[in-house]
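Colleague: Sequence:
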Amino acid sequence: CWSTESEWTQASGKGKLYTYGIMHQKYHPAFAKETPYNYALVELDEGPRLVTNIVDCEPDDMKTDMPVEAVFDHVSDEATLIRFRPAH
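Heads up: take any position in the sequence shown, counting from 1, add 324, and you land on this note's numbering.
No lab work stands behind these hints: they were computed from the structure.
The model shown is predicted, which means the values in this text are computed figures rather than measured ones.
With a straight-line cut-off of 16 Å between C-alpha atoms, the simulated EDC-like cross-links for lysine to aspartate or glutamate are:
id	residue 1	residue 2
1	Lys340	Glu370
2	Lys338	Glu370
3	Lys340	Asp389
4	Lys338	Asp389
5	Lys340	Glu367
6	Lys387	Glu367
7	Lys340	Glu393
8	Lys338	Asp369
9	Lys340	Asp385
10	Lys338	Glu367
11	Lys340	Asp369
12	Lys338	Glu393
Taking CB as the label site, the calculated pair distances span:
id	residue 1	residue 2	range
13	Pro372	Met347	18 to 28 Å
14	Glu382	Glu331	31 to 41 Å
15	His398	Ser330	22 to 32 Å
16	Val375	Ala354	13 to 23 Å
C-beta: ideal position from N, C-alpha, C; glycine also.
Given only the sequences and the hints, what does the whole structure look like? Please build it.
Modeller: The following block contains the structure:
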């Protein structure tokens, strides 16, 4: 948002799937093995929305408003991504 007045705030890691899509097209070779994959907008219980992916869930099982919880995907020594899975 380019705001200079933002601050870190503790969050529960729980929310709901606000909307999502499934990517079937292989637009870039780096993602060819990942296809199909999902992209999602998750609304945290605290209000903010995050662009992310849903893991541990088949595309046909994804539903808007389904409860989700955060998981952290350590992709390299420099990067950890927040993703979400269906809440249990």
